[in-house]
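Undergrad: All chains, please: the whole structure from these sequences, using the hints.
One letter stands for each residue in the lines below.
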Amino acid sequence: MVDVTPADAVPPAEVAEMELYHPHSWWTKYVFSQDAKVIAIQYSATATAIGMVALVLSWMMRLQLGFPGTFDFITPEAYYQFITMHGMIMVIYLLTALFLGGFGNYLIPLMVGARDMVFPYVNMLSYWIYLLAVLVLVSSFFAPGGPTGAGWTLYPPQAIMTGTPGGQDWGIILMLVSLILFIIGFTMGGLNYVVTVLQARTRGMTLMRLPLTVWGIFTATVMALLAFPALFVACVMMLFDRALGTSFFMPAIVEMGEQLQHGGGSPILFQHLFWFFGHPEVYIVALPAFGIVSDLISTHARKNIFGYRMMVWAIVGIGALSFVVWAHHMYVSGMHPYFGFFFATTTLIIAVPTAIKVYNWVLTLWRGDIHLTVPMLFALAFIVTFVNGGLTGLFLGNVVVDVPLSDTMFVVAHFHMVMGVAPILVICGAIYHWYPKVTGRMLNEAMGQFHFWVTFLGAYLIFFPMHYIGLMGVPRRYNELTATTVMTESAHDLNAFISIMAFLVGFAQIVFLFNLIWSIRHGREAGGNPWRATTLEWQTSETPPAHGNFGKELPIVYRWAYDYSVPGAKEDFIPQNMPGSFGSSREPA
Amino acid sequence: MAIALVLVLVVVGSVLFHFLSPWWWTPIASNWDYIDNTIIITFWITGVVFAAVVLFMAYCVFRFRHREGNQAAYEPENKRLEWWLTIVTAIGVTAMLVPGLFVWNQFVSVPSDATVVEVVGQQWQWSFRLPGKDGKLGTSDTRNVSPENPLGVNASDANGQDDVVVEAADLHLPVGKPVKMLLRSIDVLHDFYVPEFRAKMDMIPGSVTYFWFTPTKTGTFQVLCAELCGQGHPLMNGVVMVDTPEDYLAWLGEQQTFAQLSAPQQVGSAE
Chain A
1 MVDVTPADAV PPAEVAEMEL YHPHSWWTKY VFSQDAKVIA IQYSATATAI GMVALVLSWM
61 MRLQLGFPGT FDFITPEAYY QFITMHGMIM VIYLLTALFL GGFGNYLIPL MVGARDMVFP
121 YVNMLSYWIY LLAVLVLVSS FFAPGGPTGA GWTLYPPQAI MTGTPGGQDW GIILMLVSLI
181 LFIIGFTMGG LNYVVTVLQA RTRGMTLMRL PLTVWGIFTA TVMALLAFPA LFVACVMMLF
241 DRALGTSFFM PAIVEMGEQL QHGGGSPILF QHLFWFFGHP EVYIVALPAF GIVSDLISTH
301 ARKNIFGYRM MVWAIVGIGA LSFVVWAHHM YVSGMHPYFG FFFATTTLII AVPTAIKVYN
361 WVLTLWRGDI HLTVPMLFAL AFIVTFVNGG LTGLFLGNVV VDVPLSDTMF VVAHFHMVMG
421 VAPILVICGA IYHWYPKVTG RMLNEAMGQF HFWVTFLGAY LIFFPMHYIG LMGVPRRYNE
481 LTATTVMTES AHDLNAFISI MAFLVGFAQI VFLFNLIWSI RHGREAGGNP WRATTLEWQT
541 SETPPAHGNF GKELPIVYRW AYDYSVPGAK EDFIPQNMPG SFGSSREPA
Chain B
1 MAIALVLVLV VVGSVLFHFL SPWWWTPIAS NWDYIDNTII ITFWITGVVF AAVVLFMAYC
61 VFRFRHREGN QAAYEPENKR LEWWLTIVTA IGVTAMLVPG LFVWNQFVSV PSDATVVEVV
121 GQQWQWSFRL PGKDGKLGTS DTRNVSPENP LGVNASDANG QDDVVVEAAD LHLPVGKPVK
181 MLLRSIDVLH DFYVPEFRAK MDMIPGSVTY FWFTPTKTGT FQVLCAELCG QGHPLMNGVV
241 MVDTPEDYLA WLGEQQTFAQ LSAPQQVGSA E
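Residue numbers (the UniProt record's numbering), protein chains in the order written: chain A, 1 to 589; chain B, 1 to 271.
Errors might be hidden in some of the hints.
[As the list claims (entries may be wrong)] Restraint ranges, calculated between C-beta atoms of paired labels, are given here: (1) Ile91/B / Phe32/A: 54 to 62 Å; (2) Ser139/A / Lys133/B: 24 to 32 Å; (3) Val122/A / Val12/B: 46 to 54 Å; (4) His336/A / Ile45/B: 25 to 33 Å; (5) Ala259/B / His336/A: 49 to 57 Å; (6) Leu244/A / Ala52/B: 54 to 62 Å.
[Said to hold, decoys possible] If you want a taste of the chain A side facing chain B, the calculated C-beta under 8 Å gives, among others: (7) Arg302; (8) Pro475; (9) His547.
[Unchecked claim] Not close to chain A: a few residues of chain B, all C-beta gaps over 10 Å, as computed: (10) Pro76; (11) Asn105; (12) Lys133; (13) Ser156; (14) Asp162; (15) Lys200; (16) Asp202; (17) Thr216; (18) Glu246.
Hints are computed from structural coordinates only; laboratory data are not their basis.
Quantities reported herein were computed from a predicted structural model and do not represent experimental measurements.
Glycine included, each C-beta is placed from N, C-alpha and C at the ideal position.
TA: Structural data, given as structure tokens:
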């Protein structure tokens, strides 16, 4: 560690600022806006809206699983359509879009000290193509035959055959087209985020001074740009198989006694392409959550994040490693069994940098000055659920342990805990944290407390016991569990309990949405920096920040993002753009 | 403050649930108790880590909660501590991975004395084929599938003539003898899964996959499909009966061979 005089580290401006496009009308200001902050809100609102559809779908599934035979409208076809759409919406159209399109757009320019994204026009297109993708997805609910019921993994051959809902109707086609559109839209946004982080940081904002939020979103975006093309080609190839009669994924098949015209294709090739995207996707959702939660913990514990450099390298390391673990989703897929040795080893290695991140979060709490604000509560709940879900990943990643557990409810419980509940808790915490910057008002505290307790405890009570139903051997993706002998009477009661919890947790999200709308007008005035945080988005001259973010002059950065409780300093935080030396600040360099 | 208490309750509740709840795996009926043991090792290691992390958090929240005049410590890094934690984690991970890979090696190494049974999946039923007296299964191809030849056995292959074909009925296996399950599908992905055997593997149209196990208990076991195969997926049940050697031979004697099944049928008189 070197003591630097921070002011010396700021280089002079090399290039003049570019002129921003300024909107001339209501339409270009609020609808076809090129302002990343408006685009962020558009992304977030759309993602939340489609997320509500996914929430209702999960209720329908839980009705069927908890109380089988009670609800006639949940036919087997409908059940499979519900699980498929629920999964795809949550993973792609909600989590990916909200973290990268929502938080990425809002926070990257503000946190790196830029006026906007580097390519604002392309950024605007990114949102509108995303919206189109969502509309195509929604349209499949109204298409003949309904949406696809192939499972969110869309495995061929069944995905495009008559035995699967939507397989020979419009459902699968609309799903594939929607995904293709989503990837095109995402690529436009993603290139923006990467170039903005690399090229548009303000003076003094070195890479190793970036808040971890930016590191998380940046790394996730790079990964998404590398991973989504695999899904893109898989979608195009399956679309050809379905619409043009090619056989990329279709071997010789006899369907209901009828020889199909396909031959020679490989179903398992699709699985490799899908999971080459699909595994990095887990971290595309997780890394932004890692980054954001680091900043929440640090700010609300009034303490620097512990081991900043290790945290950065852990993010980058996890990002890189996540490209060589994809086949751990395929241990029982029938691929060559020797792959199991390799992928189990890489998968368990990834546990090490992940564990380091957890240690550093809890060590940030150690000797902190912990303010139990709503964002902090969500951050703590995130650690609990993430550690729980991460540890069950060590079961499923360890190839031979996966054999009995694969395709059971254990897997469902695991991935919901680790990439459903945990990131959503971070999203909630992050919204309570940044809402005052976006609107100028605080969210209502009482509603926030209610939302937190019901969501955290309810979600834990849903997914923790579910692991044990899987351990009993109960398979996933069964709309009828009564036919299985492993499912005991008491396990049925447990299932009903889980369903009731699911309704309760869903209800709490509606309270949250109400709070979001209610507080725009009725929330307490927040001021510019209610959490007394160091990062640049809290130092804007106006709240909410105007177009261009920072008034006349861009801020100059003199220190890292974590100068909290510096001994000898007057305040317990020193903003990044505050010049001069204070107390005994020791920035890791 | 409440959160510190709740974090402790989460740990205590989870541990009590684990030990006291009635929901646990079905009694094993195969040789794969190694797999169960690896799961137990993993439960212990991960359980200790979970409890330690969450209880530590609970302590921090209680001890370092904000009170008037508190100031947080300022400690950007601690190289020594970070390295120690990394090393301890690596040891814990190795303690799970090594037994895991050891057992996986057994899982993929089929004993030379294993008998072969072919499972054929289709929407939404299970069929089986056993080698006849020659001990060899004849070749097969999805292209050969027809109403008379539901498994697509190659009629010109001499090895296949004496194969025993069990179409959409129960499979019987002799207890105590290792068996290699050859898995095949003629339409979509399926997965042959008997929870009591602990083993499972997908079946892929166009390929033959496998796993092996030794049934260790006689009895009747339910076969489930564990890979989504269309809307009939949950109804794709079958039965495996593990028999004593005598019962098994008696059952085998009643089955028909491929040659018998595909011999020109006598045209019966209309009823």
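Undergrad: State the violated hints by number, sorted upward, taking the hints as numbered earlier in the document.
TA: Hints 2, 5, 9, 10, 11, 15, 16 contradicted; others consistent.
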